[in-house]
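Q: If you want the building blocks of each chain, they are given just below.
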Amino acid sequence: MTAPRVLGVRRPGRLLAEAAALLTAVVVAFPLYWMVLSALKPAGEIQSTRPRPWTLSPSLDSFRRVFEQQDFGRYFLNSLLVATAVVLASAVIAFLAATAVTRFRFRFRTTLLVMFLVAQMVPVEALTIPLFFLMRDAGLLNTLGSLVLPHLAFSLPFAIWMLRGFVRAVPEALEEQARIDGASHARFLWTILFPLVLPGLVATSVFSFISTWNDFLFAKSFLISDTSQSTLPMALLVFFKPDENDWGGIMAGSTVMTIPVLVFFVLVQRRLVSGLGGAVKD
Amino acid sequence: MTLTAPAPPAPADTAKRPVRRPRSRTGTSSWTPWLYLLPALAVLGALLVYPVYQLGLISFLEYTQAQVSGGEPTSFQGLGNYTALFADPQFRQVLLATVVFAAACVAGTLAVGCTLAVLLTRVRALPRLALMLAALGAWATPAVTGSTVWVFLFDADFGPVNKLLGLGDFSWTYGRYSAFALVLLEVVWCSFPFVMVTVYAGIRAVPTEVLEAAALDGASQWRIWRGVTAPLLRPILAVVTIQSVIWDFKVFTQIYVMTGGGGIAGQNLVLNVYAYQQAFASSRYSLGAAIGVVMLLILLAVTLVYLRLLRRQGEEL
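So the sequences go chain by chain: C and Y.
For the first sequence, counting from 1, position 116 maps to 116 in the UniProt record's numbering; every step adds exactly one.
For the second sequence, counting from 1, position 175 maps to 175 in the UniProt record's numbering; every step adds exactly one.
Next up, chain C with everything else stripped away, as it sits in the complex:
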């Protein structure tokens, strides 16, 4: 198996480590378990002062409340649309840029790389102010475009930064070979390099997907009057009431919001783990 076993970790030591690992897994997973559990509890049990870690009469009432909430399906679709657009666009654009900064030597190359790093420092939330004016002037307020464009810009620097490792890992000999075979550079780019870098793109897109899916600040700030363009996090905040939070609704909404990300994660899990290792190693 792994290296440390060779080093002779003694049996009791390993059992202790495994117990610790399992215990940690339980603790880490507990909030998610509690979220789903609370979403399934009938109303009386959620607002109970003696919370029990199980329920004998699961009900879908809370989910019903969430889905019956005005336009919830539409919010969900909007969120999905925005996240998908950002993931696809940033994958293609970051791939091109990463290729440029790894496969070519040109003036200002290192400067650009430093700029991409620095760009990650920009506090997105602080830019809400100028972006608001920009969106207003471009007539994009209250449209999904006002969410896609900023998130695209904010996920690009990290995506480019991460993709470099993957592009670099593709041997230069392949490029030579393609050239000798008479393929144009564009052809090499899309039919050879792109498929090879795809695992890296998947790993990278996790980050763009999450940051876009999570966003509620831009939705809150740019979609002021047209609520039909709103996204999921906004729908969730509806259940927060000043006097009495509807915890069942909040937990059900949270569950609905978390599931797509979890599915996405499980799908790309293997590539993510190897991808992170590969990208960071060099």
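Treat the hints loosely; a few may be bogus.
Some chain Y residues flagged as far from chain C (calculated, every beta-carbon gap over 12 Å) [as the list claims (entries may be wrong)]:
(1) Ala66
(2) Pro73
(3) Phe76
(4) Thr83
(5) Leu96
(6) Gly175
(7) Ala265
Computed Cβ-Cβ distance ranges for the label pairs, DEER-style [stated by the list, open to error]:
(8) Y:Arg176 to C:Phe133: 31 to 37 Å
(9) C:Val118 to Y:Leu35: 22 to 28 Å
(10) C:Ile192 to Y:Gly78: 53 to 59 Å
Coverage of chain C stretches by chain Y, computed from C-beta distances (three or more under 8 Å per stretch; other residues unrestricted) [unchecked claim]:
(11) 14-27
(12) 84-98
(13) 111-120
(14) 131-145
(15) 154-160
(16) 206-220
These aren't lab readings, by the way, just hints derived from the structure by calculation.
Note that beta-carbon positions come from the ideal geometry of N, C-alpha and C, so glycine has one too.
With chain C's structure known, arrange chain Y on it following the hints.
A: Just chain Y now, kept in the frame of chain C:
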């Protein structure tokens, strides 16, 4: 190779890739990289660089609701907004709180992430899978939902944690430090998986022979970690540290959701939330912009330190 100077490729560089010099024969011109960069630069220029420029500009102006609606002309304030900011005791307090809170988050995330990464290498497949899946679940949880779930877990009336710890109806969000502690827990919970997975992947990449050799030489576990594994992991640790600093210094959603927009009387404000409130709740856009610029400058300073460290390790960008 130097990091900042836009110099032509260093001699060592050209020596490494002699074939790449005659551009025309490879079917690409010297403009090709720029062509590939064009979409990225266009997007970043319009939606990142230009807004940052505007942010800086607004921070030097008098910019409130009156100017936004076009009723009054904007007026140049020089450093007026900044002096007002640093004269404001609340801002200084928020600044301090942000730095301390971010540092605590980074330390907590790194400690938990690295410990668990090491733990992962010492267990068999099944516990490893369990911990990995749990961590991926926490990682996948959106910040908004993670925040709401944690608030519910620690709820004074209905939460299981207080029952478990016998705290009665102790309200975590009422006191300043307990509220910060609660947010800290959530931040560590949702950000340690990135560190754990990355560091774990890094440890796995350490050649087994090196570790065996060290073990055969009679080195203790701790010495092997200190002498072999840790140095090899340094670049990875640098990356996860800088990413954690960037992310934790800019925490917004957790504070906003968990403490209801900054806590009672703003006791749990961090810079990001404070800037947002100044701008959008109080319509003091220029003050909000000035806070944003201060944050940017602090993170830039951190980046410079990071780049210098990278360069000292002789890493090429």
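Q: Would you mind marking each hint as holding or not holding in the structure?
A: Quick rundown of the hints versus the structure:
Residue-level check passed: Ala66 of chain Y sits 15 Å from the nearest beta carbon of chain C, beyond 12 Å. With a least CB separation of 16 Å from chain C, Pro73 of chain Y remains clear of the 12 Å interface cut-off, as annotated. Listed as a non-interface residue, Phe76 of chain Y keeps its Cβ farther than 12 Å from every Cβ of chain C; the least gap is roughly 17 Å. Against the 12 Å criterion, Thr83 of chain Y stays outside the reach of chain C, whose nearest CB is about 19 Å from its own CB.
Annotated as non-interface, Leu96 of chain Y keeps its C-beta farther than 12 Å from every C-beta of chain C; the closest such distance is 17 Å. The Cβ of Gly175 of chain Y lies farther than 12 Å from every Cβ of chain C, with a closest approach of about 20 Å, so its non-interface assignment holds. At roughly 16 Å, the least C-beta separation between Ala265 of chain Y and chain C is larger than 12 Å, which holds for a residue marked as non-interface. Remark: the range hint 31 to 37 Å for Arg176 of chain Y to Phe133 of chain C is upheld by a beta-carbon distance near 34 Å.
Taking 22 to 28 Å as the suggested C-beta distance range, the pair Val118 of chain C and Leu35 of chain Y conforms, at roughly 23 Å. At about 56 Å, the CB distance of Ile192 of chain C to Gly78 of chain Y agrees with the hint of 53 to 59 Å. Judged by the Cβ-Cβ criterion of 8 Å, the segment 14-27 of chain C is covered by chain Y as claimed, because 9 of its residues qualify and three suffice. Under the rule that three or more residues need a Cβ within less than 8 Å of chain Y, the assignment of the segment 84-98 of chain C holds, with 5 such residues.
Counting residues of the segment 111-120 of chain C whose beta carbon lies closer than 8 Å to any beta carbon of chain Y gives 8, which reaches the threshold of three, so the coverage claim holds. Counting residues of the segment 131-145 of chain C whose CB falls under 8 Å from any CB of chain Y gives 3; the rule of at least 3 is met. For the segment 154-160 of chain C, the stated coverage by chain Y holds: 4 residues have a C-beta nearer than 8 Å to a C-beta of that chain, and at least 3 were required. Counting residues of the segment 206-220 of chain C whose beta carbon lies closer than 8 Å to any beta carbon of chain Y gives 5, which meets the minimum of three for the stated coverage.
Of the numbered hints listed earlier, not one is contradicted by the structure.
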